[in-house]
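Take the sequences, apply the hints, and build the full model.
Letter by letter, the chains look like this.
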Amino acid sequence: MSKLRAEHFKFFSFLAIIGLISACRTAAIKVTPPPADRHIPYEYVGRKTMVVAAHPLAVEAGLKILKEGGNAIDGAVATACALNVAEPFASGIGGGGFMIIYLARENRVTVINFREKAPSAFYAEIFIEKGEEAPTWRTVKGTAVGVPGALAGWDLALRRYGTKQLAQVMQPAIDLAERGFKISETFSSINKEEYEKILTNAGEKTVYLNNGLPYEPGDDFRNPELARTLRLIAQKGIDVFYKGEIASKIVKAVREKEGLMTLEDLASYRAVEVEPLRGQYRGAEIFTIPPPGSGLHLIQLLNIASFWPISQWGLNSAHYLHHLTEAMRLVFADREAYLGDPDYVQVPVEKLLSPDSARLKANLIRSNGVLMEYLPEEIKEKTEAGNTTHLCVIDDKGNAVALTQSINHFFGSGIIPEGTGFILNNQLDDFASTSSGPNAPGPGRRPASSMAPLFLFQEGKLRLILGSPGGTRIFPCLAEIIINIIDFGLSLDEAIEAPRFFSYSQNGRIRPLSLEPRFPQATIKELEALGHKITIREAYDKYFGGAQGILIDDKRGLILGGADSRRDGFGRGY
Amino acid sequence: MKGEKALSIGLIFIFFWLLISAQSNLPKFSSPALITSAGQNAEVQMVAVLAKRAGIDHNLNKLATAQDLAGFKSLLLVLGASMKGLGAAGLDLNKEMERIRGLLDGAKEKNIPILCLHLGGEERRGAQSDEFIRACLPAARMVIVVKSGNKDGLFTRLCQEKGIPLIEIDRTTEALEPLKNAFTL
Numbered sequence: 001m002s003k004l005r006a007e008h009f010k011f012f013s014f015l016a017i018i019g020l021i022s023a024c025r026t027a028a029i030k031v032t033p034p035p036a037d038r039h040i041p042y043e044y045v046g047r048k049t050m051v052v053a054a055h056p057l058a059v060e061a062g063l064k065i066l067k068e069g070g071n072a073i074d075g076a077v078a079t080a081c082a083l084n085v086a087e088p089f090a091s092g093i094g095g096g097g098f099m100i101i102y103l104a105r106e107n108r109v110t111v112i113n114f115r116e117k118a119p120s121a122f123y124a125e126i127f128i129e130k131g132e133e134a135p136t137w138r139t140v141k142g143t144a145v146g147v148p149g150a151l152a153g154w155d156l157a158l159r160r161y162g163t164k165q166l167a168q169v170m171q172p173a174i175d176l177a178e179r180g181f182k183i184s185e186t187f188s189s190i191n192k193e194e195y196e197k198i199l200t201n202a203g204e205k206t207v208y209l210n211n212g213l214p215y216e217p218g219d220d221f222r223n224p225e226l227a228r229t230l231r232l233i234a235q236k237g238i239d240v241f242y243k244g245e246i247a248s249k250i251v252k253a254v255r256e257k258e259g260l261m262t263l264e265d266l267a268s269y270r271a272v273e274v275e276p277l278r279g280q281y282r283g284a285e286i287f288t289i290p291p292p293g294s295g296l297h298l299i300q301l302l303n304i305a306s307f308w309p310i311s312q313w314g315l316n317s318a319h320y321l322h323h324l325t326e327a328m329r330l331v332f333a334d335r336e337a338y339l340g341d342p343d344y345v346q347v348p349v350e351k352l353l354s355p356d357s358a359r360l361k362a363n364l365i366r367s368n369g370v371l372m373e374y375l376p377e378e379i380k381e382k383t384e385a386g387n388t389t390h391l392c393v394i395d396d397k398g399n400a401v402a403l404t405q406s407i408n409h410f411f412g413s414g415i416i417p418e419g420t421g422f423i424l425n426n427q428l429d430d431f432a433s434t435s436s437g438p439n440a441p442g443p444g445r446r447p448a449s450s451m452a453p454l455f456l457f458q459e460g461k462l463r464l465i466l467g468s469p470g471g472t473r474i475f476p477c478l479a480e481i482i483i484n485i486i487d488f489g490l491s492l493d494e495a496i497e498a499p500r501f502f503s504y505s506q507n508g509r510i511r512p513l514s515l516e517p518r519f520p521q522a523t524i525k526e527l528e529a530l531g532h533k534i535t536i537r538e539a540y541d542k543y544f545g546g547a548q549g550i551l552i553d554d555k556r557g558l559i560l561g562g563a564d565s566r567r568d569g570f571g572r573g574y
Numbered sequence: 001m002k003g004e005k006a007l008s009i010g011l012i013f014i015f016f017w018l019l020i021s022a023q024s025n026l027p028k029f030s031s032p033a034l035i036t037s038a039g040q041n042a043e044v045q046m047v048a049v050l051a052k053r054a055g056i057d058h059n060l061n062k063l064a065t066a067q068d069l070a071g072f073k074s075l076l077l078v079l080g081a082s083m084k085g086l087g088a089a090g091l092d093l094n095k096e097m098e099r100i101r102g103l104l105d106g107a108k109e110k111n112i113p114i115l116c117l118h119l120g121g122e123e124r125r126g127a128q129s130d131e132f133i134r135a136c137l138p139a140a141r142m143v144i145v146v147k148s149g150n151k152d153g154l155f156t157r158l159c160q161e162k163g164i165p166l167i168e169i170d171r172t173t174e175a176l177e178p179l180k181n182a183f184t185l
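These protein sequence lines map, in sequence, to chains P and X.
The first sequence maps to residues 1 to 574 in our numbering.
The second sequence maps to residues 1 to 185 in our numbering.
Derived by calculation from the structure, the hints in this document are not laboratory data.
Note that the Cβ used here is the ideal one computed from N, Cα and C, for glycine as well.
Please note that the accuracy of each hint is not assured.
[Unchecked claim] Under 7 Å between C-beta atoms, here's a sample of chain X residues computed to sit facing chain P:
1) Q45
2) M46
3) K52
4) G55
5) N59
6) E123
In structure tokens:
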């Protein structure tokens, strides 16, 4: 009897210990809630999964699908679709983007390109003829609107790598559009900033205005028209968008605003699966998107940086900022000279990614001042806003997605097909201002993009999933975040929240260095002394994007999410 | 008892009389009004919509100069700097400030009263916006501000120094009533 009791005691003790360990593990991931000051670095913690995106409600949508047994691809599309509702000014079915996918079982990375295309009637001189001096032709008229690719991209990704139907993963977004939510400060401020465009193209009665005026923080926002549109797509499939009644509404809206899109343009749109681009940085392997995305330039920038002892120079030091800024200017010169749609132009990827190319540029940069010129040349200055959106998902099998999608500027073209509740992009503004060259406007072409969603592997294991919106600032800011983590040893969210800087070159000439004012005054003064003209932005400026990332911490068995406070970034995992 | 009642009625009457006279003491403006921003902010468009709703005959000119004041009886200046707006207009802060100073001088010369509005809240503050606020406010005859933009009391201080009536509102849409009242004779 006593032996039996002893056995029972051992058994229950064993259970208790297991329970205690489990409780501790569970308790370990129930960390303190996010700080009231959203700018204080904070990592969301999970053990099996994580979703990070630019809005909490979009994160919930992705997580719901994961909890229902969906994989990372299902979760990513659910999140992307919910962002159309919760963050409609940055992306949606009226736009396009890129998605990089890691398939854990196959240990393979692939890319879905769903960038918008120019209509078939588009031509090289279009903006020149219309008058380049009037930027409205490339931003708020129908000529600005590219054939949307988001739905085709989501659908392709789900069919090839998902486990759920499009209708299933769209459901949380439909519910959200019907239920509504409270307007955030970010939404309100962007709504105010883009008021004129919305008023002009969508009118006072649009759902994107509150009785004809911008929404204030805390206002209720519902989008029943978008709910109806998404439900229709869920019921009938994407053909209703590309070939059916929604296609007709898109063409009507675009042509009413003097655009060239036809029903055939929509019907012939295809998202494509392509090989990822690969690079190295200090022993880590980077997978990102190929042209017309800017993964190429992200790797170029890191290749140049790898020649420098950055960690010795110090975080936020003038020496580091000066060198990376000069590298940005040189890379932007290449970007203008070579980047375009690889279906139409040959992009010299290998040459630009060669160690020789990086060494040459690193050697060109002087420690004691800025360069006189940056070759090759021709970059047209633009007043690109912080736009687009990015999300990352990892599932319990280790599959992962980094997805950047956009309607280009905030609130895109401001053109809304009647009764649909979604905003059409103004992505054709990303074509060059010249009628020749790799990124000249042309029929069926995809304009060059600054997007660069990425995976970083260390010792053969996926360690970092990362991406950002932010127009031309995207790939330079992603390089800064990677350097913050690898060279300066910052945690993921410290790296994301750290002060940002950006510059580029134009026609071979130097452009100002934009800074968040959180850099030390001494650094700013030193940079001025080196010849940089400084533009001070806001402390956490949306201009520099809104990066989202996931870091897999194998040693601690944790999955950490970092979400940018420059927008309404949020994460959650389990 | 009767006396107390009469006293109460009297006090209520005095209260309302004071309220009405305070309202009527607010400066009055005449239309047509020229609307422009000081800093190329987006709120200028909202003021144009509110002016339309208030029935104010107006013209919105984002790049108005002193010459453009001809024929106008009021100037509505919408305060706050926007880097995006300045970029789109092809202006930098110095050029915009030059335009605004010229406009302020022109209004003074032509004796055109200025109504300043700051509707961008806390987000439309900061060193660059504050430069425009400090430059324009002393010349204003009346100021309307969304409260969150006056958390640090800058508008209150500047208005008190010059004895300028300041109307605080919670939301942009609430600017409609004071605008209407300001243009109702």
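Holds or violated: is the Cβ of Q45 (chain X) closer than 7 Å to a Cβ in chain P?
Constraint on Q45 (chain X) satisfied, holds at 5 Å.
At a threshold of 7 Å, is the proposed contact between K52 (chain X) and chain P supported by beta-carbon distances?
violated, 10 Å
Take the shortest C-beta to C-beta distance between G55 (chain X) and chain P; is it under 7 Å?
Given a least distance of 15 Å, the restraint on G55 (chain X) is violated.
Tell me if the interface restraint on N59 (chain X) is satisfied: Cβ within less than 7 Å of some Cβ in chain P.
violated, 16 Å
Quick check on the hint: M46 (chain X) CB to chain P CB, less than 7 Å?
Holds: closest Cβ of chain P sits about 6 Å from M46 (chain X), inside 7 Å.
Does the nearest C-beta of chain P fall within a distance shorter than 7 Å of the C-beta of E123 (chain X)?
holds, 5 Å
Figure legend: structure checked against the earlier numbered hints; hints not met, in rising order: 3, 4, 5.
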